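Asks: Sequence:
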Amino acid sequence: MRIVIIGGGIAADYLANQILEKDPATEVLILSKESYAPYDRIHLCDLVSGTSCIQDITLELNPNVTVKLNQEVTAIDRQAKQVITEQSQFEYDYLIIASGSQPKTLFDIEHIDNAVTFRSADDSFKIAENLQNRNVVIVGAGPIGLELLDTLMDMPAPKRIYLIVRDESLYSGDLDPSSVALMQKTFEEDPRIVLSFNDEIVDKTVEKGHMTVLKTKHHQIEDPLLVFGIGIRPNIDFARSSLECDRGVLVDRTMRTSDLFIYAVGEAAQIDESGFSAGHAKECRLEADVAVSNIFKTEVASFHREVAIDGLKVGAFEFIDVVSPRYNMHDEDNEVVLLRSKKEGRIDQYILNNEKLMRFIGVNSNVDALYLKQLIIENENVDASYLYNNRHENERGRLVCSCTGTYQKDLVDLIETEAVTSFAELKPYSEAGRVCGRCKKDVANLIAHAHVDKAEVERKRAEREEAAKAAQIEKVEKRLEKFNRLHPSNQIDMADFEAALQSFDKAQDFNGWVSMMTLNLQLPPEYDNLVYRSIQHLNKVPVIWLELADCTGNSEAFIKTVNPTIDELILKFISLDYHELLMAASGPHSENRLDQLIEEDQGDYILIVEGAVPLGMGGNFLRIGPQGETGEALLKRVAQHASAVMAVGSCAFDGGVVAAAPNPTGAVGVSEALGRDDIINLPGCPVNPINVVGTLLHYIMFAEMPELGENNKPVWAYAPRVHDNCERRGHYDAGEFVKEWGDEGAKKGWCLFEMGCKGPYADMNCAQMKFNEGTSWPVQVGHGCIACGKGKVAFDEFANNRKVINVPKELTS
0 MRIVIIGGGI AADYLANQIL EKDPATEVLI LSKESYAPYD RIHLCDLVSG
50 TSCIQDITLE LNPNVTVKLN QEVTAIDRQA KQVITEQSQF EYDYLIIASG
100 SQPKTLFDIE HIDNAVTFRS ADDSFKIAEN LQNRNVVIVG AGPIGLELLD
150 TLMDMPAPKR IYLIVRDESL YSGDLDPSSV ALMQKTFEED PRIVLSFNDE
200 IVDKTVEKGH MTVLKTKHHQ IEDPLLVFGI GIRPNIDFAR SSLECDRGVL
250 VDRTMRTSDL FIYAVGEAAQ IDESGFSAGH AKECRLEADV AVSNIFKTEV
300 ASFHREVAID GLKVGAFEFI DVVSPRYNMH DEDNEVVLLR SKKEGRIDQY
350 ILNNEKLMRF IGVNSNVDAL YLKQLIIENE NVDASYLYNN RHENERGRLV
400 CSCTGTYQKD LVDLIETEAV TSFAELKPYS EAGRVCGRCK KDVANLIAHA
450 HVDKAEVERK RAEREEAAKA AQIEKVEKRL EKFNRLHPSN QIDMADFEAA
500 LQSFDKAQDF NGWVSMMTLN LQLPPEYDNL VYRSIQHLNK VPVIWLELAD
550 CTGNSEAFIK TVNPTIDELI LKFISLDYHE LLMAASGPHS ENRLDQLIEE
600 DQGDYILIVE GAVPLGMGGN FLRIGPQGET GEALLKRVAQ HASAVMAVGS
650 CAFDGGVVAA APNPTGAVGV SEALGRDDII NLPGCPVNPI NVVGTLLHYI
700 MFAEMPELGE NNKPVWAYAP RVHDNCERRG HYDAGEFVKE WGDEGAKKGW
750 CLFEMGCKGP YADMNCAQMK FNEGTSWPVQ VGHGCIACGK GKVAFDEFAN
800 NRKVINVPKE LTS
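Residue numbers are given in numbering that gives the first Met the number 0: position 215 of the sequence shown equals residue 214, and the series is strictly consecutive.
Derived by calculation from the structure, the hints in this document are not laboratory data.
Keep in mind that the hints are not guaranteed to be accurate.
[To be verified] Derived lysine-lysine pairs resembling DSS-like cross-links, with alpha carbons at most 30 Å apart: (1) 103 x 125; (2) 296 x 312; (3) 408 x 296; (4) 158 x 125; (5) 426 x 67; (6) 158 x 281; (7) 440 x 125; (8) 32 x 440; (9) 103 x 21; (10) 312 x 203; (11) 408 x 21.
Treat the numbers as computed from the prediction; the structure is a model and nothing was measured.
From just these sequences and the hints, can you work out the full model?
Replies: Printed below as a string of C-alpha cells:
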C-alpha cells in the first residue's frame, strides 16, 4: 500500500512515523514544497538569532520514508488517484493532506525585497540577513510576533524595533490590561523598542522592488524591514476544485474528506460538524492518530477536542495557557478572577462562565496547569477562594512539558536515575520536549545541569546497549520462529544443504563464512548463531526470479558453477519457486506456477529481477511466454504484490549494457520501469552472489532490508570505494602505473589507473569480497575496473576511455 502525505511540517513527519510503526511494509511518500526535510517551526527564532542551524531543528523521520522536496502540489486527480505537482505526478492508495497553513499579509509582498512573513526557514534566513542597522517593523502581537520581538531584543543588529498592534492587546485579546502594561514596560526598557498600540499601516513607498518608507497611523519609518505575523489561513488551494472545502478541507470526525481515500489533518483540515481547525501540535497529533487508525482499520476512531495547554516563554515572561474546548471568548457570561503578585511578578488570570473554569492565562504563574485541566474536564463549580489558596508552586515544581504533563522535579529525578546525558538519550524514558518541541530547550538545559555520576553513566550506557542488543536478538528469534511455521511449496531440508557442503568439501569453511557475513552486515559477533539459523530458513521465503533483457550472467554465476562457493550453494538452496531460466523447459506449467505463487503468496514473496526492461515499441522488444506478455507488463504484474523487489545486476539497475548508447530498445532499469523509488538495487556485471545472500539474510532476520545508501544500494556492500580497498592502491600513492599492457609495471602488479581503471569512481565491495571463494577479481588479474556498479555510464563512457576527463560530479561523491 502506498500512502502519500502532502506537507512538510510536524504533522506530516508524525504521520509518516506513525504509519510505518503500524506497518513497516507500507510505502510512505511525503511531498513538500519546502527545500528542507521536515523541521520544527517552533524554533524558527533560533534560525534568526543564529543559535541553531536547519539541521538542529530537523525532525526525526523514519529512514524508510521517501521525501520529495520542492514539490508544490497544484491539484488532486481523484479518479486516477494521483497528486499533481508543478514537476510531476504521484499515485496513491491513500492520500493524507497535512499541508498546514500559509501566512497572511496586508498586501502583496512577493516583489518587495524588504518585506517578509515569518512562517518558514527561508523567512527566518531572510530576516537574519537583513537586520543590520535596519528599522524592523513587526506587524502582529500574537505569540509569533512576541517571540520574534524577544529574539531581536538580544541581537545588536537592529537599529530600532517597532511592534505594530492594531488594538490594545498582547498575546491574546483575553489577556488582562495589567499584564499588557507589565509586558510593555519590560520590553520598552530597551530604548530601541517601540510598542505602538491602536496602530496600523496606512501607506508605503516602493521603488524598484524596495520599500523606502512605511507609514502607520503613528509613525513614518525609513528603510524598514517589514515582518508580517498577523495570522494564517489553510494552505489548501490545490484541493478546492476536487474536495469539499470551507476555510479548510472539510472532514468528518474520522478525519476523512468527501473522498473515501483522502484524509486531512492539522491546520489544513476543518471538522464539518463544528468548524474546528487544529492550532496546536498536540491537536494535530491527535487528528493524525485518528486518520492512521481509520486507514489501517485497527479501530474505529474519531477526533474529540481536549483541554489545550500551551506555553510560551518571552523574555522575563513565562506564559501558561489552559483552555476548555467549550470556551467562547465572546460569551457575555464570562467573568474574570485576577490574582497579582507585584513581588513575584506573577499574574494568574481565571476566566469563569457560570462558575465553571473556561480558561486560565498565567504570567510567571506557579499554578499546576494539569490540575486546572482536570477541573475543566470535571466541569465542577469553582470557588474563587480555592483558586487563591492554590496559587503557590506545587511540590513537583513547574510544568516543563504541558504536552506530556511532565514536571521539573519528576524530570530531574528521571534524568539522574537513568543517567541521561543528552536529549537523545531521554527518548526511551520520556517524550518531554518531543511533541510540539516548544520546551525542547528547557528539557535540554535540565539535562545539562543535572547531577549525573560519570561512573553511573557508563554503567547505565552499557546496560542499555546490552538490553537493546538482547531485544534485537529476541526480535530475530521470533521472526525465525515465524518461518518455522511456514510451509512453502518448495521444501528443501537443511540436510540437503549440509550434504552439498560436504560434497564440495566446504563444511569446514562454513563457520568462517558465517562469521565473515556477520561482520559484513555490521552486526556484533553474538549474531553468528542467528545468521547460521537464518540460512536454514532461506528456503522458506518464496522467491520469484524474473529474467528480462540481459545475458543471464547473474543467474549463471551461481547455477553453472562446477566448484561453487558457499554463497553460491546458498543461492541454490533458497526457495526459488519460479525462475524463468531454470523452468523454461516446463513451458506453460511454469507460467501456471507463477500465477499460483502470485495468488497464494501475495505480499509474502520476494521478487528478484535480472535484466533491463525494454520500453521501446510499447515494450515489444521483449515478449515472454505463450501469451506474448511484454517484459514490462510481466514485471509490473509480479512486482505489485511482492513484499520486496530486488534489482540484481547492472542491467536491472538502470539498463546497464542493454541501455548503452544508442539504446535502440529503450531499455531502462527496474525502478524506472515501475516508477518506484523503493527498489533495492544490487548492481554489478555480474553481481557478487554474496551481496544477494547478505541482503536476503538481513531481510530474514529483521523483516526489513539493510541500511540503504545512494540509489537504494545496501550500504554494507556498496559504500566501500574500490580504489580505497584495492591491493594496487600503494602503487597509486607511489606514482607507479602500468603504461602499456605487458610492460614491466604490469608484471610487477602496478596501478592500472593510467590504463583506464575506474576504481576511484566505483563504490562496491569487489576488492574486499572478490569472486570464486574470495580467490580473485578483475583488477587482481590485470584488468582495470570499469565501475560496472554505476550502470550504463560504465558501458557508455568508462569502459571505452582510459582517462575520463569530465566525470559527472555525482559519480565522484
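Asks: Now tell me if each hint is right for this structure.
Replies: Going down the list of hints, with the structure as the test:
1. Proposed proximity of residue 103 and residue 125 is supported: the alpha carbons are some 17 Å apart, at most 30 Å.
2. For the hint pairing residue 296 with residue 312, the CA-to-CA distance comes to about 40 Å; that exceeds 30 Å, so the pair is violated.
3. Taking the CA atoms of residue 408 and residue 296, the gap is near 40 Å; set against the 30 Å cutoff, the hint is violated.
4. The suggested pairing of residue 158 with residue 125 holds, with an alpha-carbon distance near 17 Å, which does not exceed 30 Å.
5. With a C-alpha separation of about 27 Å, the suggested pairing of residue 426 with residue 67 holds against the 30 Å cut-off.
6. Between residue 158 and residue 281, the direct Cα distance comes to roughly 38 Å. Violation of the 30 Å bound is thereby established for this hinted pair.
7. Of the pairs offered as hints, the one joining residue 440 and residue 125 holds, with about 24 Å between alpha carbons and a cut-off of 30 Å not exceeded.
8. Our distance criterion of 30 Å between C-alpha atoms is met by residue 32 and residue 440, whose separation comes to about 28 Å.
9. Distance check on the hinted pair: residue 103 and residue 21 sit about 37 Å apart at the alpha-carbon level, beyond 30 Å; violated.
10. Straight-line distance between C-alpha atoms of residue 312 and residue 203 comes to about 33 Å, which puts the hinted pair past the 30 Å bound.
11. Taken as a hint, the residue 408 and residue 21 pair is broken in the structure, with Cα atoms around 34 Å apart against an allowance of 30 Å.
This entry does not satisfy hints 2, 3, 6, 9, 10, 11, going by the numbered hints stated previously.
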